Amino acid sequence: MPRYASFPPLVLSLMASQYSVAGEAQPQAIDPAFLPQACIFSAAFQQTQTLADIPKPLISEGKLFFNCETGLIWQQQSPLAETHIYARTQGVLRVANNNQLQPRNEKLQKNLTKLLNGLMGGDTRYINRYFKTGRRSKSQLELLPKRKAIAKFISRISIRKHPHSKEIFWESPIGNTSLLKIYQLKSYRKFTKAQCREWLQLQQGEPSCQVLNDEP
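Plus 88 on top of the position in the sequence shown (first one is 1) and you've got the numbering used here.
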């Protein structure tokens, strides 16, 4: 994993939870206003990471495209160009330089897919199952892990909402942190490959948007 790994690889190092909520009625403890409201949206992101063994913060930037029914495309543009697809049924796929898809379907990667899709899609059933509410205000909500297994990797998550952006702050028990800013949010009524490709500025043959289109 590169030193300048963006948000999904960092979360992978922090989180190893199970995801199984089918058929369970969960309390509506999390205010949905703190989570993305649209099923399909695009956004830009900037992430600042602080790691215990690295003296300076690591800053990465890029774009994402999310479809609550099929998954998330995470396109890091700097300092390293790298794209991962977190598809609901196909798991994690890395787009190689030759536009070939490289599966990364280890157990942790599968759990990461569910975490990302749960947060991005505002899946309150998932969040309520594994997190409880800490401090809250009109603009900020803190999530604390309910399970010891999760608390080993994540000590808290803080979500802050702004009129045109959202911030997600993660902290691990050993002091590693990640501040993710999501901005330039744009929602869509339905998913089309053309809109996806235009936002991500994909080159001919890049398969990311096609993967989300082909998801059952």
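Keep in mind the hints are simulated off the structure, nothing from the lab. From a predicted model like this one, the values you see are computed outputs, not experimental measurements. Don't take each hint at face value.
Below are the DMTMM-like pairs computed for lysine to aspartate or glutamate, each with C-alpha atoms no more than 20 angstroms apart in a straight line [to be verified]: (1) K151 with E286; (2) K269 with E259; (3) K254 with E230; (4) K234 with E259; (5) K278 with E259; (6) K220 with E259; (7) K269 with E255; (8) K269 with E170; (9) K281 with E157; (10) K151 with E170; (11) K144 with E259; (12) K269 with E157; (13) K254 with D141; (14) K274 with D141; (15) K151 with D141; (16) K240 with E259; (17) K220 with E255; (18) K151 with E255; (19) K278 with E157; (20) K249 with E230; (21) K144 with E157; (22) K281 with E255; (23) K278 with D302.
Now the in silico label distances, taken between C-beta atoms and shown as ranges [stated by the list, open to error]: (24) Y271 with N301: 20 to 28 angstroms; (25) A140 with Q292: 41 to 49 angstroms; (26) Q291 with G222: 37 to 45 angstroms; (27) C127 with Q190: 34 to 42 angstroms; (28) K274 with N186: 38 to 46 angstroms; (29) P143 with R277: 23 to 31 angstroms.
All residues carry an ideal CB built from backbone N, CA and C; glycine is no exception.
Verification of the supplied hints:
Our distance criterion of 20 angstroms between C-alpha atoms is met by K151 and E286, whose separation comes to about 11 angstroms. Note on K269 and E259: the hinted pairing holds, with a Cα-Cα distance of about 15 angstroms set against a maximum of 20 angstroms. With a C-alpha separation of about 13 angstroms, the suggested pairing of K254 with E230 holds against the 20 angstroms cut-off. Between K234 and E259 the CA atoms are separated by roughly 15 angstroms; this keeps the pair inside 20 angstroms, and the hint holds.
The straight-line distance between the Cα atoms of K278 and E259 is roughly 35 angstroms, outside the 20 angstroms bound, and the hint therefore fails. Using a Cα cut-off of 20 angstroms, the hinted pair K220 and E259 holds, with the two alpha carbons roughly 15 angstroms apart. The straight-line distance between the Cα atoms of K269 and E255 is roughly 5 angstroms, inside the 20 angstroms bound, and the hint therefore holds. This hinted pair checks out: K269 and E170 have alpha carbons roughly 18 angstroms apart, not beyond 20 angstroms.
At most 20 angstroms may separate the alpha-carbon atoms for a hinted pair to count; K281 and E157 meet this at roughly 14 angstroms. Proposed proximity of K151 and E170 is supported: the alpha carbons are some 11 angstroms apart, at most 20 angstroms. For the suggested pair K144 and E259, the alpha carbons sit about 17 angstroms apart, so the restraint of at most 20 angstroms is met. Proximity of K269 to E157 is assessed by CA-CA distance (about 23 angstroms); at most 20 angstroms being required, the pair is judged violated.
Simply put, K254 and D141 have alpha-carbon atoms about 28 angstroms apart, too far for the 20 angstroms limit, and the pair is violated. Distance hint between K274 and D141 is unfulfilled; the C-alpha atoms sit about 37 angstroms from each other, more than 20 angstroms. Restraint check: the Cα-Cα separation between K151 and D141 comes to about 27 angstroms, which exceeds 20 angstroms; the hinted pair is violated. Using a Cα cut-off of 20 angstroms, the hinted pair K240 and E259 holds, with the two alpha carbons roughly 11 angstroms apart.
Of the supplied pair hints, the one linking K220 and E255 holds, its CA atoms being roughly 19 angstroms apart against a limit of 20 angstroms. Between the alpha carbons of K151 and E255 the distance comes to roughly 15 angstroms, so the proposed pair stays at or under 20 angstroms and holds. For the proposed pair K278 and E157, the alpha carbon gap of about 11 angstroms is at most 20 angstroms, so the pair holds. Among the hinted pairs, K249 with E230 is consistent with the structure: their alpha-carbon atoms are about 12 angstroms apart, no more than 20 angstroms.
At roughly 38 angstroms between alpha-carbon atoms, K144 and E157 are farther apart than 20 angstroms, so this suggested pair is violated. For the proposed pair K281 and E255, the alpha carbon gap of about 27 angstroms is over 20 angstroms, so the pair is violated. A C-alpha spacing of about 14 angstroms is found between K278 and D302, which places the hinted pair at or below 20 angstroms, so the restraint holds. Between Y271 and N301 the beta carbon distance is about 25 angstroms. The supplied range of 20 to 28 angstroms therefore holds.
A C-beta distance of roughly 42 angstroms is found between A140 and Q292, which places it inside the suggested range of 41 to 49 angstroms. For Q291 and G222, the hinted distance range of 37 to 45 angstroms is satisfied, since their beta carbons lie about 43 angstroms from each other. Distance hint check: the CB atoms of C127 and Q190 are about 28 angstroms apart, inconsistent with the given range 34 to 42 angstroms. Between K274 and N186 the beta carbons are some 30 angstroms apart, a value that contradicts the proposed interval 38 to 46 angstroms.
Taking the beta carbon of each, P143 and R277 are about 46 angstroms apart, not inside 23 to 31 angstroms as hinted.
Going down the numbered hints, you'll see the structure goes against 5, 12, 13, 14, 15, 21, 22, 27, 28, 29, while the others check out.
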